[in-house]
Every structure is written in C-alpha cells, then in structure tokens.
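Residue numbers (the numbering used here), protein chains in the order written: chain Y, 8 to 360; chain C, 322 to 633.
Treat the hints with care, as some may be off.
[Said to hold, decoys possible] From chain C, some residues computed to sit far from chain Y (all C-beta separations above 10 Å): (1) 327; (2) 373; (3) 379; (4) 383; (5) 385; (6) 461; (7) 471; (8) 475; (9) 513; (10) 568; (11) 572.
[Unchecked claim] Label-pair restraints from in silico Cβ distances: (12) Y:242 - C:523: 48 to 56 Å; (13) C:484 - Y:263: 55 to 63 Å; (14) C:512 - Y:49: 37 to 45 Å; (15) Y:249 - C:368: 58 to 66 Å.
[Said to hold, decoys possible] Residues on chain C that point at chain Y, a partial pick, calculated with CB under 7 Å: (16) 356; (17) 358; (18) 439; (19) 440; (20) 481; (21) 496; (22) 528; (23) 574; (24) 589.
No lab work stands behind these hints, which were simulated from the structure alone. Ideal placement from N, C-alpha and C gives every residue a C-beta, glycine not left out.
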Amino acid sequence: MSTTGELAVDVIEAVPTQPWHKPRAAQRRDVLTYLALAVAAYAIVMVTGVAGPDGWALVFFVEILLLTVLRSRGIGRAKSTNAIVSTVIGAGAVVAFAPWMSIFVSLITKGFHGLYVGYLFNDMRVTTPDDELNMGGVGHALIGSMLMVLIATAITLPLGILSGVYLTEVRGRLTKVVRFVIQSMSGVPSIVAGLFIYTTVIALTGSFSGFAGALALSVLMLPTVARTAEEVLKLVPEDLRAASYALGARQWRSSLMVVLPTVRSGLTTAAILGVARVVGETAPLLLTSLSNNAFKFNPFDGPIASMPMYIFGLLQIGTEYSLNRAWSGSLVLMLIVLALFVTARRLGGKDKR
Amino acid sequence: MHVVYSTGDRIFRRVVTAGAVTSLLVLALIGLFLFARGVEIFRDMGPKFITGTNWTAGSGDGVIPAEFSIGPMLTGTIVTSLIALFFAVPLSIAGALYMEFFAPVKIRRTLVSLLDLAAAIPSLFFGLWGVQVFSSMGERWAALTSHYLGWFPLFNNELGIFGRSPFIAGLVLAAMIVPIITSVSREVYSRTPRELVDSCYALGGTRWGAIRAVVLPYGRSGVVGGAMLGLGRALGETVAVYLLLNLVFKYNFNILESEGGNIASLIATKFGEATPYELKALLAAGFVLFLLTLSVNMVATAVVQRTAKARS
C-alpha cells in the first residue's frame, strides 16, 4: 500500500457550511407551520365572533406569539425574550406598513375600472355625477396641475438653489438661521400657506387663480427643494473647489462654473422631489385656485381645476360614479407621484457615480 | 481671518444671500399677515377666542352678536394628534427596528424605497382611504372598545354611533404620520456605531439585548424629533380630518363619539361662505395654528439637528 493511498482515506473534504443560514428543511418546516397557523386562524374567524381581516390578523398574531412562547421554553431567559420581542416587532412592522399597502391596493382595485382611453384627454364639462364611467376625464385637471406646478417650480428652483449655495458655498453669518428656518418651514401646515396667499395675493388681485395656487404651492415646495439642493451640494468634493481656486478662479466662478454644473442632475432631483411633495396638496388650493370643469390654459384667469381638487370635488358629490372617478383620479395622481419618484431616484444615482 | 472679496464675489455673495433670506422673509410674512388680519378678532374676543365655546357669525344686524372661539377646535386638534401619536410612535419604532435589524438584507432596500414613497402619499389619499376603506373597520374597533371600556369616560359613547369620531380620524392620522416617524427613526438607528452593536453580540448578547442596550438609548432623541415632526403634521392636517370628522362645536373628550374637528378643517369648512368679519376670525385661527405647528416644528428641528451633530 502506498502512503498516498492511506492518506487519501483520512482526508475529510470540507463542505462549506453557512451556520447563519437556516437549513432548507427547517425553512420548509417554518413555511408549512405558518400556513397551518394561517388556516387555523381562518377557521377560528369562521366559527367565533371575531370578524374581518383585522380579526384574522389578530388571531394569527396570537397564534404565532403562543408558538414562539412554547418553543422558547428552556432556552434561557435572554434568548426567549429575544424570540418573543422579535415576533412583536415583526408584527408591529406589519401593522405599520399595512395602511399604505392597503392604500396602494385600493387605488389599483377601485381606481382601475374607471380608466379608459379618453380619461386622460377629456374634461368634465358635459359629464354629470350620474354619467357612466365612459365619459369625462381628468384632462383639465392634469393641465391645471401642470400649469401650477410649473410656475411653482420656476419660482422655487432658483430660490432653493440659492439657499443651497448659501449654505454650502457662501456660508455667511446666517447659515445656521437659514438652515433652521428652512427645516421648520417644511412644517408650515398647507392650509396656512393657502390662507397666507389668500390674504395677500387674492386680496390684492381680487380673484381666485391658478397663479395664486402656484404661489401657495411654492411656499410648501421651497423647503424640500432647498434642503435637497443643500444635501446634493454637500456631496461635491472639497478638492474640486480647491482645484478651481488654485487655478485662480474667484468664488463666483468656481461656484457657478465648477460646483453647480457637477450637480446638475442632483438639482433636477431636488426640483422633482419638490414637485412630488406638492402635486397632491389639496388644502392650499381649496383657498386659492378652487376648481372648474373645463379645460383652461391661462393660470391668471379665475378658478382652475387641479388633480387634488378634482378628486376632492368628486368626493364631495358622493354618487357612486363620482366616487369611482375620484378613485381613478387618485390612481392617476399616485402614478404621477410614483413616476416622479422613480425619475428622482435614477437621477440621484447618477451624481454619486 | 479677514477675507477681501473681489467685486464679482461681492455681488455673487449678495445675490445668493438675498435668495437664501427669502425663506426667512416668507416665514416672517406669513406670521405677520395672518396676525395683522386677525388682530381685530384677538382684540374683540380677548382670551375668549381660546377659551370660549361658540363659533357664530351672528345675524348681521347685531341682534345676534358674532362670537368666535376656537376652543373646541384647538382641543380637537390636540386630541386627534395625541391619538395619532399614541398609535404611530410604537408602530414606527417597530417598523424602523424591523427594517434596520430584522428584515432580510435582500428586501431592505426595497422597503426603504417604499417607505420614501409612502411618505409622499398625498394626505388626500389618507382621507379617501379612511372614508371608503378603513372607517368600517375602525367603527368596529370603536364599538368593541366602547363595549368593554365604556365605563371609562374617555371611551363612553351614549348614542351608539361610532362613525366619524376623533378616534377614527386619529387612527388615520396615525397611518399618515407613521412613514415620517419611521424614516427619521430608521435613519438614527442606522447610524448606531457598528462596533457597539458587535460588542454586544461578542459579549453573548442576543439581538434584542443589543437593541435594548445600545440602539434604543442611542436613537432616543432622534425618535423624539421624528415623533415631533409627525405631531406637527398631524396638528396641521386639513383634508383627511375634514373628510373623516363631523365638525361639531363642543369640547368633546369622548373620543368615540361622532363629534369633533380641528382648526385646519374648521378653516376649510367655514371658508367658503364666511362673512368678512368671520374671515378675519378664520385668519386669526390660522395664526394660532401657525404658531402651534411652528413651535412644535422648531423644537423638533432643534432636537433632530442636535442629534445629527452629536453623532457626526
């Protein structure tokens, strides 16, 4: 017998283990246990007084908690507390996330059947609250919202960028105050912004208008834009500024021609996030731009429709078809917010690379 | 250090400063204008503007005098917001801890994106959802609470009607402010020094042990700041409360009864057909709301910024 052969017998091949992963069998067992518990909870809901999806969730949670308590007997106090608290935290997280999950689902299920091709291109001029869902649409509200948001962006983007530049480049005496005020301003209730524009702009011009609505939205949009702009400008490496100073640039040239161009897409993100923040605001428009039923392209000419006011108005009417339309309008609005978010995220990723 | 700026720089710095100061100016103007237009009411009503119970525009000819008091609405604002905080804070902490320490790494990023999106859901949707989807469930909970805890004055409900109550409005507000509190808390928790958590594990601690000993104390002030930001939102919310609560002028501490309101929804309700004098009262109410939310937000901002600085 050769020595090599003998050795070969003794060699143990190392199988890579991942002790932090649960083995497959255990995972499968877990899934099956939870399924069984879910079914059991359903059965309990059927035969007892507990009712509804909330009742089912409660029973399901109690079952899991009981199971955890039973399983964690005899493994020591620290470990069993850990297991039980983990279950409670998981359940709390589910409850915390449930409402907006429910909102997303309701938007789709309730809003979907009111959509048709013409929905985005028609207004509500000739549509009565009891007309079937193949008439009318949000076209006028889309245009109105777009006009107002564009004006608001045109006002807040420059101001927001200037604030950002002040906080990161100029760093004057008021830096702390400005940062503090911008942060606190984001908490101004939207209805107060509406009231403010009402007492100033509308008292002055004497009529409700899309422009007034846009100004109210600007008040709410400015903090978001300014804060995002600051965050983005903070990411610009100090070397870049130093390099431009070393080449003899003054501060204004280095800020305008070196720093700002490098964060162009970040500043676009700031604008987009600002738009996403205000496009669904209802309360300020309630006091400034009101609403109407037909297409209108002039933001200075009296009341004008907008997405949130369209939804709000239909909710007030309250007939079956109106509610359907309200949900459809909400779905469209949510899709707009979603699209804005995805765009912002795409752009946000670009600067960092 | 004395720096000498060139002419170009001086102009540049002035323009930028002017832009940055605009936000200061706007905030000051908001307060100033609301106060200036509402001051007549403060003078006419005196302290009764806060403590009284009535909101009557009067008959116009002076037979029934106009009387404006935001007392019930102010308490309504605080009651609904406190209910919201009561439910939202524990849920948000659980949500933030779950996202940071329990969720599988694969879905963590998705959850964070979803949370950002949730924070951007317009409050109108919460109102719509509250009225059309949630309120039947909430009414059932309210009925159960009143059935078992009705002996306690807070949960007393004589009429047996449970819809459109401060309780339900508060729950929807809670759902509305959970994303913001969760995202601030998660942010703070994620900045917990990794080595502290690891040393907990190294000493044989469990995950919950590490969270209790290190993460929670470390993040406490951040969570407080987040909760106050949420509170600020709940205090100023208009449409959701407008859609979910019967506006009734009465000090209502029976949170399960269908009566209540808040200042913002008062403004939205009365604005349309207000007499010029009543309009001033609404502006005065707006001024009170502005002061209330601004002070809450300033404290919140100070807390959050102080935590951020202490950590970095």
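Assessment of proposed distance window 48 to 56 Å (beta carbons of residue 242 of chain Y, residue 523 of chain C): 34 Å, violated
Measuring Cβ to Cβ, find out whether residue 379 of chain C lies farther than 10 Å from everything in chain Y. 22 Å, holds
Interface hint outcome for residue 440 of chain C [beta carbon to chain Y under 7 Å]: 9 Å, violated
For residue 461 of chain C, is the shortest CB-to-CB distance to chain Y above 10 Å, so the non-interface label stands? At about 7 Å from chain Y, residue 461 of chain C fails to clear the 10 Å cut-off, so the statement is violated.
For the hint on residue 356 of chain C, just tell me whether its beta-carbon gets within less than 7 Å of chain Y. 10 Å, violated
Minimum Cβ separation between residue 572 of chain C and chain Y greater than 10 Å? Fine: 22 Å to the nearest Cβ keeps residue 572 of chain C off the interface.
Going by Cβ atoms only, is residue 528 of chain C closer than 7 Å to chain Y? 6 Å, holds
Confirm or reject the statement that residue 568 of chain C sits farther than 10 Å, beta carbon to beta carbon, from all of chain Y. Fine: 14 Å to the nearest Cβ keeps residue 568 of chain C off the interface.
Closest C-beta approach of residue 481 of chain C to chain Y relative to 7 Å, hint status: For residue 481 of chain C, the interface hint is violated, since the closest Cβ of chain Y sits about 18 Å away, which is over 7 Å.
Is the Cβ of residue 383 of chain C farther than 10 Å from every Cβ of chain Y? Per Cβ check, residue 383 of chain C is outside 10 Å of chain Y; nearest 26 Å; holds.
Check the following: the C-beta atoms of residue 484 of chain C and residue 263 of chain Y are separated by a distance inside 55 to 63 Å. 58 Å, holds
Between residue 512 of chain C and residue 49 of chain Y, does the C-beta distance stay in 37 to 45 Å? 42 Å, holds
The structure shown violates the earlier hints numbered 1, 6, 12, 16, 19, 20 and 23.
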